[in-house]
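A.B. asks: Sequence:
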Amino acid sequence: MKLAITCIFAFALTALSFERSVAQSVLEKETIADLNKTPDYAFGVKDEDGLKSALSVYDTFIENGVQIENFEIVVKGPVVRTMVKESELENYFEKYKGKVRVSICSVAMRRLGVSEDQLFSGLEVVETYTIRILQLQALGYNSISY
Numbered sequence: 000m001k002l003a004i005t006c007i008f009a010f011a012l013t014a015l016s017f018e019r020s021v022a023q024s025v026l027e028k029e030t031i032a033d034l035n036k037t038p039d040y041a042f043g044v045k046d047e048d049g050l051k052s053a054l055s056v057y058d059t060f061i062e063n064g065v066q067i068e069n070f071e072i073v074v075k076g077p078v079v080r081t082m083v084k085e086s087e088l089e090n091y092f093e094k095y096k097g098k099v100r101v102s103i104c105s106v107a108m109r110r111l112g113v114s115e116d117q118l119f120s121g122l123e124v125v126e127t128y129t130i131r132i133l134q135l136q137a138l139g140y141n142s143i144s145y
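Under numbering that gives the first Met the number 0, the sequence shown has 111 at position 112, and the numbering climbs by one with no breaks.
Since the hints were derived computationally from the structure, they do not count as laboratory data.
Be aware that one or more of the hints could be misleading.
What the hints assert, rightly or not - Pairs of lysine-lysine residues, derived as DSS-like cross-links and limited to a Cα-Cα distance of at most 27 Å, are as follows:
hint, residue 1, residue 2
1, Lys51, Lys94
2, Lys36, Lys96
3, Lys45, Lys96
Please take these sequences and the hints and turn them into a complete structure.
C.D. replies: Below you can see the structure in the form of structure tokens.
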């Protein structure tokens with residue numbers, strides 16, 4: 000009987016540890032309260048890792064109950080080439096459509112030879128990365144660049 004209880008306890012601890020390691024970060028209540036003071040977020044990214052990191056932050060916020068009014072990722076650089084129809088990134092982004100705004104720098108598109116009609120749906124073209132980030136900061140968004 001004692002062995003059975005020990006096994007059940009060990010299994011429960013293992014299961015809880017596994018669940019926590021697979022799940023997104025668990026934020027402290029104070030952190031959530033602080034983040035809820037300004038529910039608008041802007042992320043500047045230039046590569047696929049930065050884009051996926053910003054989307055991971057969105058997932059973490061949602062899982063922890065952080066209030067989000069606006070969540071925007073502004074994209075420049077080489078990742079623009081991969082944000083085209085029928086790409087892996089199009090499938091990856093599908094679950095974020097209508098929840099996360101992704102703005103693409105028109106200057107980066109021009110330099111990389113990507114036209115607006117090549118982009119997958121749900122993306123918005125903006126004048127420049129820098130001007131959009133500054134505009135969002137002027138509007139009071141919390142912002143960070145990857």
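A.B. asks: Does each hint fit the structure? Answer for all of them.
C.D. replies: Structure-based check of each hint:
With a CA separation close to 12 Å, the supplied pair Lys51 and Lys94 stays within the 27 Å bound. For the proposed pair Lys36 and Lys96, the alpha carbon gap of about 25 Å is at most 27 Å, so the pair holds. Only pairs whose Cα atoms come within 27 Å are accepted, and Lys45 paired with Lys96 is accepted, the gap being roughly 20 Å.
Figure legend: structure checked against the earlier numbered hints; every hint is met.
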